[in-house]
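First residue of the sequence shown? That's 185 in our numbering, and the numbers climb one at a time after it.
None of these hints come from the bench; they were simulated from the model.
Quick list of the computed label-pair ranges, beta carbon to beta carbon:
(1) Asp282 <-> Gly223: 38 to 48 Å
(2) Glu301 <-> Gly223: 41 to 51 Å
(3) Ser306 <-> Gly392: 37 to 47 Å
(4) Ser336 <-> Gly392: 48 to 58 Å
(5) Ile236 <-> Thr331: 27 to 37 Å
(6) Gly382 <-> Val226: 14 to 24 Å
(7) Asp235 <-> Gln390: 19 to 29 Å
(8) Gln370 <-> Gly283: 15 to 25 Å
(9) Gly304 <-> Ser394: 43 to 53 Å
Heads up, simulated DSSO-like pairs for lysine-lysine below, C-alpha to C-alpha not over 27 Å straight-line:
(10) Lys288 <-> Lys300
(11) Lys288 <-> Lys216
(12) Lys288 <-> Lys308
(13) Lys216 <-> Lys308
Beta carbons: idealized from backbone N, C-alpha and C, even for Gly.
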Amino acid sequence: MAADLDMEPPSSAQPIIVLASRSPRRIDLLTKFLDEVFGEGVMSFAIEPADIDETPLAHETPLAHVQRLAQSKAQVIAQRLSGSDVVVIAADTTVDVDGQIYGKPANIDEARVMLKEMSGRSHKVHTAVSVVRGDQQAHTVDSATVTMVSISPEQMDWYLATGESLDKAGAYALQGDGGRLVESVQGGFHTVVGLPLGPLGELLAQCGLSWKNGL
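Model the full structure from these sequences, guided by the hints.
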């Protein structure tokens, strides 16, 4: 359950969890994770987007790119909220087509080019996650391989008309209508959507959080 940043922690022993993203997919996934861990509606989190420059650096690989952005987002918010017991969760996702970074398309024409390039082929999706709690930091990256169907011109026009591709890395949403363009996924579904929950739990534990006895 997302809440305002000025919310009070659930108890004096519990930190405030902050998601450094306004992505609806990540908000939904973090809500799902916290509901499964603590019970539905028990644990809230705040939303504080980092809004950093996500332009790839010269010669930056897709893996290096997502790791840099996730860590930068977490650090920006941790510094902004320094002095409080805050657990910052940040993530970044990119589509990797033969080593080329496919981020969010700027327009429909760019989305069409991306989807044509991926049609009938496999590509990788990398999601990096960073957790920062004071001086404690933990980072990871999880990858999945997605194979697309051979997209017909009619399918292409239909999908682009949905408008779904414009705010998604690689110009498609596995969890939405874009799932019809996907033949198979090897790896985590949540990795492709934008927040791998298993790796997230491991990072939170590395930063001193335990859900067996509460935070």
